[in-house]
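Asker: As they're listed, the protein sequences go chains A and B. Residues 1 to 520 in the numbering used here are what the first sequence lists, from first letter to last. Residues 521 to 837 in the numbering used here are what the second sequence lists, from first letter to last.
Simulated from the structure, these hints should not be mistaken for laboratory data. Model, not experiment: these values are computed from the prediction. Glycine included, each C-beta is placed from N, C-alpha and C at the ideal position. Certain hints may be false.
For the chain B half of the interface with chain A, some residues (derived, Cβ under 8 angstroms), not all of them [what the hints assert, rightly or not]:
no., residue
1, Q568
2, T605
3, P665
4, I674
5, S678
6, S681
7, N699
Taking CB as the label site, the calculated pair distances span [what the hints assert, rightly or not]:
no., chain 1, residue 1, chain 2, residue 2, range
8, B, V552, A, D111, 37 to 47 angstroms
9, A, E124, B, S584, 48 to 58 angstroms
10, B, S681, A, T93, 28 to 38 angstroms
11, B, W680, A, D111, 38 to 48 angstroms
12, B, G633, A, E124, 54 to 64 angstroms
13, A, E340, B, P582, 57 to 67 angstroms
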Amino acid sequence: MRLLEMSRRSLLALGLGASLLAVPAGRAFAEEKVITWGKPGEITGFDVHVIGTVASWELFQLVYETLLTADENFDLQPGLAESWEQTSPTSYTFHLRKDAKWSNGRPVVADDVIGSLRRIINPETASYWAKQFGTIARMEAPDNHTVVVELEEPHTAFLPALAHISAAIIPIQEYEAGSFDPTSQLLGSGPFMVAEHKQDESWTLVRNPYYWRKGYPLADKLFAPIIPDESARIAALRDGRVDYTSFTNPDVPLLLARDRNVEVVPQQTTNYYRVDVNALSEKSPFHDRRVRQAMNLSLDREAIAQIAFGGTVSVDYPVPAAFQKQACRELPTYALPRAERLERARALLKEAGNTAPKIGIIATPANPMNPRIAQVVQQSMQEAGFQVEILQQPMAEYLQKVFTDGDFDMALSWLAGYTDPTMVISWWNPKFAVWNGVFQEDVPALDQALEEVKKMPVGAARDEKLAEVCKLIDEGANLLALVSKVDYIAYRDDQVAMKLATRTGSSNAFQYAAEYKPLD
Amino acid sequence: MRLLRYLLQRVLLASVTLLGVSLLVFLALRFVPGGYADVMLGPFVTPQARATIATRFGLDQPMSVQYFHWLGALLQGDFGVSMVTRKPVIDELLRRAPVTAELAGLSLLLALGVGLPLGVASGVGGAGRRGGVGRIVGALGASVPDFVLGSVLIFVFSVWSLWLRVGGFVPLAEDPVANLRTMILPAVTLGVFGIALILRTTRDAVLRVMTEGHIMTAVARGDRPWTIVRRHVLRNAAIPVVTVAATYFGYLLGGAVIVEVLFSIPGVGFYIYSALENRDYAIVQAGVLAAAAVFVAINMLADTAYALLDPRIGAQR
């Protein structure tokens, strides 16, 4: 017994001694700081210069960086370029951060910027973003951290275009050496880098050890399980498996209102829901401009905002309301009382010889708000005499019918408003946009006005031109803004401290992800 | 020798079946509206971008060339690559197969564990109360679609967790308890239909066997009820139950798509579903073919089991 007692004491002493020896500096005991983001959808591709889906952008924004960024007021802020000057209406000089590095340790240099922009504007890349730059005449690098870009003609939206993730800077040296394939890999200079990706299941990002912003990101790891089902995301938030996530459904704040520790922040954007109207197909009643104008007058945007969205959004315009421009607000479509608009609509239909047009509206349920909007649109158009059938088609079918075959009457979707008013309205020129060429009427006067407004500097003259553009857009009634698009960011305030922008123009909901701090 | 000939015949038949499936799925994908370019680039797809994507993935070739190229690669074990990730499809399928197998196994366990005894009790109970309960349970289980049941369970358990987890997946090797917590609800969602299926089939089979002469003899001989059920009823009623269980298991292994998507279970079904949405052809083609192969294999196993259960069938073969 005595022997056993002695053995026990010896073991205890040994154990204590071993644990003392095992103590290194206190840091070894620090737990890894992990934040978990319930990602609503998987990316649709890896190429940051080509992919045009928000599900992809929100991941790219954690890994890649742009030359510039935009704040809540849509003012440009430094990104990889710590400063810049516009030396003439067509010349820009960017001064790169000297401490910016790729996650493989190589410094970011001017050649990376020039190579990235060249890749974007190269027709072989097929990047839809190229046109938002205007026409780049030449680029040069006087030194490793200076880039000079010369445009062929003034293009006011050039700098805002550089702030969108589609203009991300990629490591050109590795790309040209063949060790980095942007179509299947992510290698950036942003706060995080990819540690693991399980397709349709999860992403694991870890801190970029070479990130230029010292002390950031505050989290060591960002784990992003992919949870497409809204109810499952709500459940994950409630039981704490997820620290933060996002929703488009305005009912979610109500569902989560009673949950302790769950905060829901509505994030305003420059994005808005839109309706595409087929002006080119002879099979569609909308081939007649008067019928389109009647439809535009009969739309009750206020009802969409109140009924489909519970009053959480507001009426929007081709020039997004978030830019606070008066451009479109005086138009009859918006300014006249509804009764008078309906009267005008019926008169137009009578003039067109089609008082009860039968039309179909495609509302793909890939966005859960589309069918709701469609129901309100159906009711409001019926008051003018339209007979509307709602067609809920899967995403791929909708894309083919609307953008390839032009086989539709109306279709619901949304547009990103970006960070300059002239960027989104440039899509109204089908020769510029191309993607809407199968249904968008080419109006030379509108094309001309759009070309002019892009070159004009910010000011009263540009605002006047925007008003002219709005008027032409309204008359054509071909692609129409409906209501603003709000994203709802929900997070566990007992698990993570988050800094959230109340407004964003770059579909960059988690712009401050580097500052998210796990609390447990 | 007879067995070998039988197996060879079945393998040949299976090969023809799978060839037919490969052609069907290949053609079906090509005729479904929308392509990968539409989905990947969204509304901004330009004709030039579409042509670039088509060339990159060989989609500009005639359909027959694409099909035989794919088939040839398949026969060499190359299942193609994902258009989204450019990673081999076979790697993903192998990574996800155990997850689907676990879900299928749990669902089958539940279906057999509850459905069999209930079915036997209901069949032996005949027109009495037990038989009635069995009929009601079977009807309910067969009537409720899994997407309805799954959605209800998600809603209920997202509010009152009761230790279970809604959505998400934890690998079994990582944490068995957490794995069980996430898999119970999807297994129940899938298993309810299986319970109804097994229950009704068992009940019908038992009822049929109960009317046969040898059962009457056993009763007249004074054998105890449980002895009669165990020795004479179960084995004779087993064949239709084995058929149904095999078919059900094959369906589960093919990937219970709706349940995997609802509960975000990263199995084969979810993989194929996402690929179908993205028009990621290689994944859908390989996934559907793999599911068909599993189904055929399980049916072959079931056929072999018949011979063991019923020596008369084995002798015929």
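Asker: Against this structure, judge whether each hint is valid.
Answerer: Quick rundown of the hints versus the structure:
{"no.": "1", "hint": "Q568", "result": "holds (5 angstroms)"}
{"no.": "2", "hint": "T605", "result": "holds (5 angstroms)"}
{"no.": "3", "hint": "P665", "result": "violated (16 angstroms)"}
{"no.": "4", "hint": "I674", "result": "holds (5 angstroms)"}
{"no.": "5", "hint": "S678", "result": "holds (3 angstroms)"}
{"no.": "6", "hint": "S681", "result": "holds (6 angstroms)"}
{"no.": "7", "hint": "N699", "result": "violated (14 angstroms)"}
{"no.": "8", "hint": "B/V552 / A/D111: 37 to 47 angstroms", "result": "holds (44 angstroms)"}
{"no.": "9", "hint": "A/E124 / B/S584: 48 to 58 angstroms", "result": "violated (29 angstroms)"}
{"no.": "10", "hint": "B/S681 / A/T93: 28 to 38 angstroms", "result": "violated (57 angstroms)"}
{"no.": "11", "hint": "B/W680 / A/D111: 38 to 48 angstroms", "result": "violated (58 angstroms)"}
{"no.": "12", "hint": "B/G633 / A/E124: 54 to 64 angstroms", "result": "holds (59 angstroms)"}
{"no.": "13", "hint": "A/E340 / B/P582: 57 to 67 angstroms", "result": "holds (58 angstroms)"}
Against the hints set out earlier in the document, violations occur for numbers 3, 7, 9, 10, 11.
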